[in-house]
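Model the placement of chains B and C on the given structure of chain A, informed by the hints.
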Amino acid sequence: MPIIEAHGLTKIYRVTQKKEGFLRAVRSLFRREYKEVRAVDNVSFAIEPGEMVAFLGPNGAGKTTTLKMLSGLIYPTQGSAQVLGFTPWDRADEFRRRFSLVMGQKNQLWWDLPAADSFQLHREIYSLSRAQFTRTLGELTELFGVSKLTDQPVRELSLGERMKMELIAALLHQPQLLLLDEPTIGLDVVAQATIQRCLKDYNVRYGVTMLLTSHYMRDVEALCARVLVISHGRVIYDGPLARISEQFGKSKLVKLHFENDGVPTDLESFGEVTHSEGPVVDLKVERTRVPEVLGAILERYTVVDMSVQDPPLDQVIARVFEEARVQHEASSQSS
Amino acid sequence: MKPVASPHDVDDAVEERGRETEEDVRSIKEARIVRIARKYGNILRVSLIERLTYRGDFFLSTILRFLPMVTTILLWQAIYAGAGEKPIAGFSLHEMIAYLLLVHISRMFSSMPGLAAGIARDIRDGQLKRYLLQPIDMLGYLASYRGAHKIAYIATSSLPYALLFFLCREYFDRLPDLLTLAAYLCSLFLAFAVGFFFEASIGMIGFWFLEVTSLLYVVNTLNFFVSGQLFPLDLLPPFWAAVLKAMPFQYMAYFPAAVFLGKIQGADLVRGLLAEFVWGVVFIALARWLYRLGLKRYSAFGG
Amino acid sequence: MQVLTRYLRLYFALGRYGLARELSFRVNFLVKLFVEVLWLGILLAFYKTVFGKTTNVGGWTEPEYLFFVGCYFALAGLIEALFLANCSEFAELVRTGDLDFYLLKPIDEQFLVTCRDIDWSSMANVFMGAAVMGIALYKLDWPFDPARALVFLLMFACGSAIAYSMLLLLTSASVWFKRNQSLYELWWLFTSLMRYPREIFSGKWASPMGWFFSFVVPILLVVNVPARLMVKFLDDPALVVFTAAVALVLLFVSRKFFRYALRSYRSASS
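Protein chains in written order, with the numbering used here: chain A, 357 to 691; chain B, 896 to 1198; chain C, 263 to 532.
Take these hints with a grain of salt, some might be off.
Covered by chain B, per the in silico footprint, the following chain C stretches (three or more residues, Cβ under 8 angstroms) [what the hints assert, rightly or not]: (1) 289-303; (2) 389-401.
Straight-line C-alpha distance at most 25 angstroms; calculated BS3-like pairs for lysine-lysine [to be verified]: (3) Lys981/B / Lys310/C; (4) Lys315/C / Lys1158/B; (5) Lys315/C / Lys1140/B.
Worth flagging that the hints you see were computed from the coordinates, not collected in a lab.
Backbone N, C-alpha and C fix where the C-beta goes; we use that ideal spot for every residue, glycine too.
So that you can see chain A by itself, here it is in the shape it has in the complex (with noise of 0.2 angstroms):
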């Protein structure tokens, strides 16, 4: 039984066009000008009750879009949802005490005062008992490793600490399922493997369903098993983070290890070279070329090593959404 499931969702918006120079600024007095924005367009999909699922997508792409109609926060023009058993835009209260939405660089807690106060204010916000409170609080701070820094203005933290207290205060009613819109954005890289870590950790202990936006290859690697894909509002991918490059991937990386001297000249012919040192060339390689081009080497120059594999994730996605949106801005042209 999905705990989320998506059906059509769309959201297009108006918006006016503001018109620069001082006679078009006096004319849009009386008359504004709109333009159509699909920011979200079609998007069905279900999540599992347990699952660690993540959007990707470049910005405005329709991640934080897709996630706050799931929160409730904005109305759909199309399609519909079911969130833990809820239509999310009808905001009932029990809907809102099941789950907690964290978004990146965007402060919930009261900036002046220690986190232990704003904790306090939360167990007033969702009714949580003392004993209830006292417990989840004690050991969410001990998984997050911030049980010293609690009595320390929030201010006062620096940006990694206040993003573990924001996730604590997001975990303190214990919600089934936890919406992430750009976790780890802004953080340093430290910051964000530790945060990683800490969702991980939570995920495995609890098996709270946790739904996370970002651009950052990292955080998918390091946390999802499963991945969607959004570009101009589409789902263009929904499966395990390990198919992308099956699916999108079109070179694969063949490192070789050439002999000390017998580093050929003429590689460029069998693809892209992105890397010499020495002996060792990185090629890139058509994916349908490979066995050819393996052939065509090995029968040719002495190899030492080699190895194929996919080019970094961040590429394979880089160069879809590069496509993506060059596909997107010419069927916009041409209507």
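Quick look at chains B and C alone, frame taken from chain A:
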């Protein structure tokens, strides 16, 4: 030029343009007057666009601005009714209401919203550095920036105010003669100087104290009363009236209005204008002196 | 009942932490307090100056008018202490999208938007206003009448409810009017209407205006009805009933409008 999207963008756009113009000066020799005209032209244009972009707000705020005026007129009518319709402190009912309307005009020239706070903020944020690094005089720059803004503000407010004054024309029993009018305009321009350099001086306190906004809050609240915005200073007991008239704050509201109504004549008028001029000079000197002192302190502490 | 306790507990917690926060900025708090005292001083100076030159204003004698001033100060102070700062942040919440956080909590949004913080420095105004009212009653040789005092308090509450509802209506409008003028300025303009007795609205063109602002947009009733009730006896019981009715209606209407504004925000946000 990017399209204007918010009042904050306006400030940025103007700052950019101001800086561009400065660079133009250094690279191309140009007549100073053309430079100034272009800069003011840009600021004016951007300000007007800003005002037109917020059309809903524009209409609403114009209407709502005149509500207090209505209640004030009615209040004073009731006060005069209770006093047997006799003049109060030498002001007839009409003159009283004309005074309160004229105080608005004085305030158009002398009020400097955000000036002191802006200076204090620049000091606190370290934005002050740009004045140290570039050959721009901060006070001069701010003064001309304010001046241009005021012109834009007066231009866009002139229509609603003209309407208001037209509706209230019955309260203006007689208009001043040309000489008085000249003196009035003089007092208004001096009111700009007094208002600007007074607030700038307060802003300079930001070099020594962090909480300038708190001080500002107190000063502005007091100023509301002592500058004569609530009623003409002549209504106060003679001792207090004399005290307040000796202070510079009256020039920000009371004095120009009283001049227009002919309450200050002849030698008194000349004396008053002279005193206003002197106060203007005093505040310019004060602002400059505090600025220099503050800069020394600022660079000593590394900013 | 359980809901009420829940909200009271939450309000108490919010108030407690709010006070802690405000006191941590001690200088700021004291300055704000000082300015409120100054403001009362200015109001009283105006009052004294005016009554030095006249005997009554719109039928209100000197001590009666003093009571009016105290009532105004206390009521405006109450609204400013409990609601104004919260409401003025609403426009910014809408602009940045941070309003979303309040929509996600299992708490009534109107409560969070309008009540979450208490401005303690303005709370002092309520006490100062009460003191002024007390002095005025003393000057009037007011015979202690518990029934009248009770109805006064009731009308004071109704006036506050009307002012709150109008504030909420203005606040909700920020969803559409992407602010250029802050809510504080709008509120200042609004209170300028309730600062004086409505009896000054007499005369050819003023009477209809007075009628409009008493019975259509009942700002003039807010301070007038409770104050008049106290000092001039119950000379217009119909008005008292009307005020109570209007308070209830406005509370209902403003809440509906607020929820409508939220729906609009949610349709437009991205």
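Verification of the hints:
1. Check result for the stretch 289-303 of chain C against chain B: holds, 8 residues qualifying (beta carbon to beta carbon below 8 angstroms, three or more required).
2. Beta-carbon proximity to chain B at under 8 angstroms applies to 0 residues in the stretch 389-401 of chain C; the threshold of 3 is not reached and the given coverage is violated.
3. For the proposed pair Lys981/B and Lys310/C, the alpha carbon gap of about 18 angstroms is at most 25 angstroms, so the pair holds.
4. Only pairs whose Cα atoms come within 25 angstroms are accepted, and Lys315/C paired with Lys1158/B is accepted, the gap being roughly 19 angstroms.
5. A threshold of 25 angstroms between alpha carbons decides the hint, and for Lys315/C with Lys1140/B the separation of about 20 angstroms falls inside it, so the pair holds.
Of the numbered hints stated above, the single one contradicted by the structure is hint 2.
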